[in-house]
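Trainee: The task is simple: from the sequences and hints, build the whole structure.
Each chain, written out:
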Amino acid sequence: MASKVTPAVMRKGFRVLGVAIRTEPVVFAGAVLASAVYGLMTVASAWALGWATEHVVLDAFADGDVADGAAATAVLLIVGVAVLKALGVGGRRILAGVLQFRMQARSRRGVTRQYLRLPLAWHHRHPTGQLLSNANADAEAAWAPLAPLPMAVGVVVMLVTAAVAMVVTDPVLALVGFLIFPAIAVLNLVYQRRLSPLATRAQQLRAEVSEIAHESFDGALVVKTLGREEEETRRFQAKAHELRDANIAVGRVRGLFDPILEALPTLGVLAVLVVGAVRLEQGAIDSGVLVQVAYLFTLLAFPIRALGWVLAELPRSVVGWERVQGVLEATGSMEYGSAEPAAEGPARLEVSGVSYSYGAAGEPVLRGIGFDLPPGRTVALVGPTGSGKSTLVQTLVRLVDPAAGAVRLDGVDLRDVARGGISRAMALVPQQTFLFDDTVRGNITLGLPLPDEDVWAALRLAQADGFVSALPAGLDTKVGERGTTLSGGQRQRVALARAIARRPRLLILDDATSSVDPQVEARILHGLRDSAEAATVVLVAYRMATIALADEIVYMEHGGIVDRGGHDELLGRCAGYRDLVTAYEREEAERAVLEAGSAGVSPDDIEDIEDIEEVPA
Amino acid sequence: MTMLQTVERSALATVRRGLSLTPEFRRGIAGTLALAVVATVGKIIVPIAVQQTIDTGLRNATPDLAYIRGAVAICAVAVLLTALAGYLMNVRLYKATEASLATLRVRGFRHVHDLSVLTQNTERRGAMVSRVTGDVDQISTFMQFGGLMIIVAGGQLVVASVLMLVYSWQLTMLVWACFLPLMVALPRFQRWLSGAYTQVRERTGDMLGAVSESVVGAQVIRAYGVEDRTAERIDAAIGANYAAQSRAQKIVATVFPLTEVVSALAIAGVVLLGVRLGLDGGISQGQLVAFLFLITLFVSPLQVATEVLNDAQNAIAGWRRILGVLETPADVADPGPAGVELPRGPISVRFEGVEFAYPGGKPVLREIDLEIPPRSRIAVVGETGSGKTTFAKLLTRLMDPTAGRVLVDGHDLRDVRFSSLRERIVMVPQDGFLFEGTLAENIRFGRPSATDDEILLGLTELGLADWLEGLPAGLATQVGQRGESLSAGERQLVALARAYLADPDLLLLDEATSAVDPATEVRLARALEGVTRGRTAVSIAHRLSTAEAADEVLVFDRGRVVQRGPHAELVARPGVYADLHASWVSAARS
Ligand SMILES: Nc1ncnc2c1ncn2[C@@H]1O[C@H](COP(=O)(O)OP(=O)(O)O)[C@@H](O)[C@H]1O
Ligand SMILES: Nc1ncnc2c1ncn2[C@@H]1O[C@H](COP(=O)(O)OP(=O)(O)O)[C@@H](O)[C@H]1O
Ligand SMILES: [Mg+2]
Ligand SMILES: [Mg+2]
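Keeping their order, the protein sequence lines are chains G and D.
Using the numbering used here, the first residue of the first sequence is number 480, and each one after it goes up by one.
Using the numbering used here, the first residue of the second sequence is number 217, and each one after it goes up by one.
Just so you know, the hints here were simulated from the structure itself, not pulled from any lab data.
Just so you know, even glycine gets a beta-carbon here, dropped at the ideal spot from N, CA and C.
Be aware that one or more of the hints could be misleading.
[Stated by the list, open to error] To be clear about the criterion: a stretch of chain D counts as covered by chain G if any three or more of its residues have a C-beta under 8 Å from a C-beta of chain G, and this derived list gives those stretches:
1. 240–250
2. 367–377
3. 482–496
[As the list claims (entries may be wrong)] Just the calculated beta-carbon pair ranges, DEER-fashion:
4. G:Ala-717 with D:Ala-546: 17 to 25 Å
5. D:Tyr-574 with G:Gly-1039: 52 to 60 Å
6. D:Val-253 with G:Phe-657: 32 to 40 Å
7. G:Ala-897 with D:Glu-448: 15 to 23 Å
Mentor: Pasting the structure below:
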């Protein structure tokens, strides 16, 4: 990781700065101009005061009278220079801010556009925390040197002006300056070289501390229910102490260099005095000049450090920039074709030879899945936990592209469908409900101009109208981050209404009623069947009643299709399927036997049950 | 929205309260302050000494070289001493502040976990995180630099004023008169600025929230093709953040350069008034020149102070936010060592007249009076939204009832020590949240001392050995952030194993296997039935067999327990349960 001020990092850093300058040339030029005005005026203020001392104060004491013209000029000079200087500072600050904030906003927009554009498979490969910090901390770090940059450029102007001014007033005194200022610059460089690896490490630890806090607060319920507060605190504390030590290490370097850098200019002034006194004795200069040069020294001491600030930020900036660039340059975004699916009528879906695996080297999660779904039909995907149902469903709505094989909508490969075409035709209710931090209405319409009647109709079908109308602000109730203020089943039903409200041609429900009780589920499903005859439906389900709604069942295990057909067919010939869907029934029957056993029951009954138990595996 | 408290107090009181929480800061503070005095005095005296040298050594037409050399040598020594004192003070200060801020962070972090789930949920996760991270960082800048600078600046201001008075009281008055309006206006500027920065923080929070939705909600956004709308929302949030930043910057950039203009006015005034006084014999030429120099000495601390006040403002905001965490009472508090320790063994529970309402809402549980005998198996059923999860949270004391009480083994839950309570009563929530790491690490979260063999044994007892074998990396499988590299059902299995390994006396399952396939669920239920024999078990489930297997069924309807009793009894009577049962039967058999 680039953490030291090495020539390579400097080159990269300057290239990053170059990008900002090329992107916002006018703002940058304005900021530098303002900064140069400030620099010139800083030098000028020393000169103005010198002029006033000489032509007003000294002359007045010499002549015993104040020359009004000179006094007025002095006032104008002093105040005028100060006003220009103030404008310079203000202008520089505003423009430097504009430069920095604009670049940050630009990076953030770019990065989040990419998040929205890149396929879900890319998201699977990148941890959430990293993506969030790319958009936040990295975008900020990348452009951090822009704040002191115009000042630093201005300082260069100032130094040149001061150097010229000193050479003109007295070359010998100027020599002192030429020794002191490079010394300050070199010391600054040494300082930054020592500091920046430590500062980068502290920055890294700060991110880690924040990650721990985020995860821990996210899982607060688990921490609480298992009483693991102590352990979590220790985990956090260990990192917080690492951060503390890193910060102290930074502090040691700062604590050493800051006083030295502060002392150097004063030592410079003292050197000027010693040399100046000699020159004065030689009659080469007068005391006014000496005062002026001494004043210049004190003035320059502070701004020269702006150069150091820019250098200090460069390594961090390079790291941030590279991370942001990593997102901006990520390829493999989804390509869209130009086919527009039909607008009306149930969709036809053909799945052929679909395989998929998470990560490049991962085990295949789907292996050669194929089935046809004629328009208006309902298929149920059934299979044990982890058999790949949710993954398959993601390929159906082209959240991910299969590694091999194809999914066709009305005969058109999904990859050839125009952007937005798929989401207009299909609606997926994912297994993991996600609600936006928005109102109930916003969560259902997602920006579509749906009239309230349609929203209510969808809520009714999802059996959610009751509780929504009881919410304090009805459709306008905010549901909180990820919908925290609703119960699990309520969240699921809002998500369901979101899908229904679009009147999709293909509706996909991935175990979308798992938190809903069977009574409500039955009402939802019947409602759907009665109203959704215009849609083709894919259901991932476990409950028999849900499965019974399907015309065909696809039974999966370990990412492959084991069998497909009608419910009765599969019950008869597919052991895995039978095991799965009759699990409750069998359990109930066994229980009945046990209870009957204690109450005395006929052996006939028991045989019946054993029939069910001993299905061939 | 947030339920975290903000105690109204002045800036000074906030700082004092903040410092009182961190004893590390006060330790050795006397030595640090002594060094600070040396460094400060050095910083103030050296420029004056330099000026004096110029003044005295150069006054005559023939400069007194010997005097200048001597004075310069003394000044040089003073500069070096100042630097040395500065170095020593800095190191001490960094150590003390970093130690105290680390303490503050850790205390804040711990306290967040001590807050009730309700309070935790009233604030965005990101905002909560920044209270113990970024907001604390804001304090450090001030404590390591700004705080001292204000003291230094104050000292410099006083010394400069006194010296100016020595030269000429009239000119001093003039200078003060010039600066007075600025000083009076400064607090107002600070308020503007503080308002502007509050805005920046809020807009940044909104922006991060919007960005995070685009990442966490990636699936839904794609499935519904709402990329453009999401992008618009994010852009709006980024734009608002930019606007807030720019506004704050504009205030800073307009206000602070004012000192430049004011000090120029003061200097010009002193030149004009000074020469007139001089002509009247009130002040010598040398004194006037020296006075002009003193003005810069007077102005520079003011400039520093205006800049540093900005840091101070941020630090105070930071202190307020971390104090906001620490001073929010842990409304569901651990009674601590004074509390009751429950002995191990089967647990009985009693609800007495329990009522619960979420803050600002209508009661969602009413008149709950019931008893759960030790070793019993209870099934809780009812429609979604009827209050089952709320009941579970009260039973595990994630929340306290608004009225009535919950008793465990005869003790009010509020009197039971958390260490004892959390060991004996464990709930498995519906959403199987996992921490990033391996499967083994997550299961071990239930019992940190568990070995891999014990974990394997636990999984085998739960009938999950087959499932584990199907995972290529076994216990070393990485589960991803929030467990998202596992399927939803698998996450629930891990969460259940985690709770099982914790070995509680009362296990409460809140739809803990809702995403698991029926065969696995039945196997799991049966395994649990075996291994929890002798313990109390409460299951919330939409499953017929859970209810049938239970000793007693509690039927919730709109916040009340409307029926209770064994399955056989309830099913025979018309009512809510019979209806539920009918729908289950039809659901299971089709
Ligand atoms: N984001 C992911 N990264 C890696 N592996 C995953 C990811 N999501 C799911 N898997 C794995 O893929 C398999 C299938 O998961 P999934 O399709 O969710 O199953 P189902 O929906 O049938 O329960 C599981 O073994 C799971 O661990
Ligand atoms: N954090 C919360 N804030 C406000 N209301 C809530 C909150 N959590 C749940 N509720 C409300 O309390 C009621 C009961 O919810 P819950 O106990 O989760 O139901 P169940 O578990 O039976 O589905 C619901 O109407 C729900 O909207
Ligand atoms: Mg799934
Ligand atoms: Mg619930």
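Trainee: I'd like to know which numbered hints this structure contradicts. Please list them from smallest to largest.
Mentor: 1, 2 and 5
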